[in-house]
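K.L.:
Here's the letter readout for the chains.
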Amino acid sequence: MISHKNYMERIVDYYDGKLSQSESDALMAFLEINPELYEEFMMFGEALPETAAEDTLKAPASLIEQLKNIPDEVFVLSDEMLVAYAEKDLDAYTIKKVEEAIAQNPQRKRDLEILSAARYEADEAIAFPYKNKLLRREPIVFSLRRMMYYTSAAAAIFILAFFLWPAVNHESGIQSDSHNIAEMNLQITNSENTAENNSEKNSGNNNNSHIQNSDIATQLADNSTNASKNHEYIAPLSPRPAKQLKETAQIAPGNIEENRNEYIDIYNYIEMKNAALAESNVKTGTLNAWKEWGKGFLNGESSLTDTPADITLRDVATFSYNNIAQFASESLSLSQRDR
Amino acid sequence: MDRQEYNRCVELYSDAVYRFILKNTADSEDSADIVQEAFVRMWEKSETVSFEKAKSYLFTSAYHIMIDYFRKKKRYSTGFDMEDDSHCWHPAANEKTSSFDIKAILNEALDKLPPMQKSVILLRDYEGYSYEEIGEITGLNESQVKVYIYRGRIALKNFIKSPDLIL
Chain A
0 MISHKNYMER IVDYYDGKLS QSESDALMAF LEINPELYEE FMMFGEALPE
50 TAAEDTLKAP ASLIEQLKNI PDEVFVLSDE MLVAYAEKDL DAYTIKKVEE
100 AIAQNPQRKR DLEILSAARY EADEAIAFPY KNKLLRREPI VFSLRRMMYY
150 TSAAAAIFIL AFFLWPAVNH ESGIQSDSHN IAEMNLQITN SENTAENNSE
200 KNSGNNNNSH IQNSDIATQL ADNSTNASKN HEYIAPLSPR PAKQLKETAQ
250 IAPGNIEENR NEYIDIYNYI EMKNAALAES NVKTGTLNAW KEWGKGFLNG
300 ESSLTDTPAD ITLRDVATFS YNNIAQFASE SLSLSQRDR
Chain B
0 MDRQEYNRCV ELYSDAVYRF ILKNTADSED SADIVQEAFV RMWEKSETVS
50 FEKAKSYLFT SAYHIMIDYF RKKKRYSTGF DMEDDSHCWH PAANEKTSSF
100 DIKAILNEAL DKLPPMQKSV ILLRDYEGYS YEEIGEITGL NESQVKVYIY
150 RGRIALKNFI KSPDLIL
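Protein chains in written order, with numbering that gives the first Met the number 0: chain A, 0 to 338; chain B, 0 to 166.
Coverage of chain A stretches by chain B, computed from C-beta distances (three or more under 8 Å per stretch; other residues unrestricted):
id: 1; segment: 80-89
id: 2; segment: 107-120
id: 3; segment: 124-130
Derived by calculation from the structure, the hints in this document are not laboratory data. Even glycine gets a Cβ: it sits at the ideal position worked out from N, Cα and C.
So that you can see chain A by itself, here it is in the shape it has in the complex (with noise of 0.2 Å):
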């Protein structure tokens, strides 16, 4: 069916010679009623090239030369492929392929170079400005609660190392004292009584018995102010001298230690916190060491700067403060994990 939509196609198949001879005569047909349709038929032939014409047209020899050397293979530089080999996804074989193609096109190469250029790099001044808020700490509360109980520990336990021990020394010592004065006083009331019994069965006697006992008492006098002057020197780091302990054989130093045991507290302390710390190289002193410096210690002749420890005691508190703090910490964290 012919109509003023496919006249057109009609006409070129007409003069290409593709219709039957029905078609043609539907054609002329459609054209007889449609006058202004024939003159464009008619142009439309005036318009085509002579079949002679045609039969001597030769295509060019460059062009044949081409079209004989055609490759097996084309290879067509797309933008896809472009970016492939900018972002380095292509096979050798293909990179070859694709360098070849961007060195005979000047065009492509130019397209290359933009999307080389077109790289983001971050910008390192761009900072996250709330770095600190991301970072997990401990909470303050709970650590300080466990921090004092360490402390508070360790407080007691220095306490006793420092200042408890040379002053029971010193209380055993002044109750020695006063015992002894006491057991003096008694010995002295018995010499007296003794004296006085004897004063009518040996009056001879009696002037050597009071000499004597004048000069006990007078020595015990002389003691008795030593007691008081000990009483108050019980400066906790400032031991007592020996020969003043060394008068009464209650009070000796030898003695005293079969009965205290504040340097095993000290001894272990100190092995706990080198434990802790985990720093075997350090010297922590045997356990009779630190026995022996602490009859030194109650002697005057140690002193808290010459321990059997590579630390002082002084290093030994701060060290321990330090390791109670990040054994809080370290206990807090965990126990912070396993809820």
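Position chain B against the provided structure of chain A, taking the given hints into account.
P.N.:
Okay, now just chain B, sitting in the frame of chain A:
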């Protein structure tokens, strides 16, 4: 991952994640919130997330949080037509362009890209992630990632049409 490793991740990766998110959202406060949320999620999963996988986990979390952020703000669907270059800036041939302007143009071109293309290109350029890694972060397969990157690159090239602009 323990507390120390987590804090190490904060030092190592918070800036990079923040830059990536900030480039996508262009809002510093929202970006900070997204980064913070990503780290919170990682800490909550610290029992299962290893230190070695932390960076990928952070980028993945931050990316998905950002997607939710876009959806909430109804900005995710806005894109830019690859074929329409009417908005492109075509400088005069003799106009000299400074390096600062080049950077500005590149940033402008990046902002014109659809969010997905923008994200994959930033992950590729900023962090040097492979297609596979980008796929893990964005939830795409490797071929999809490659297609998005290719399209993005071509769009950028078309945006920067004048060779004199950058050469």
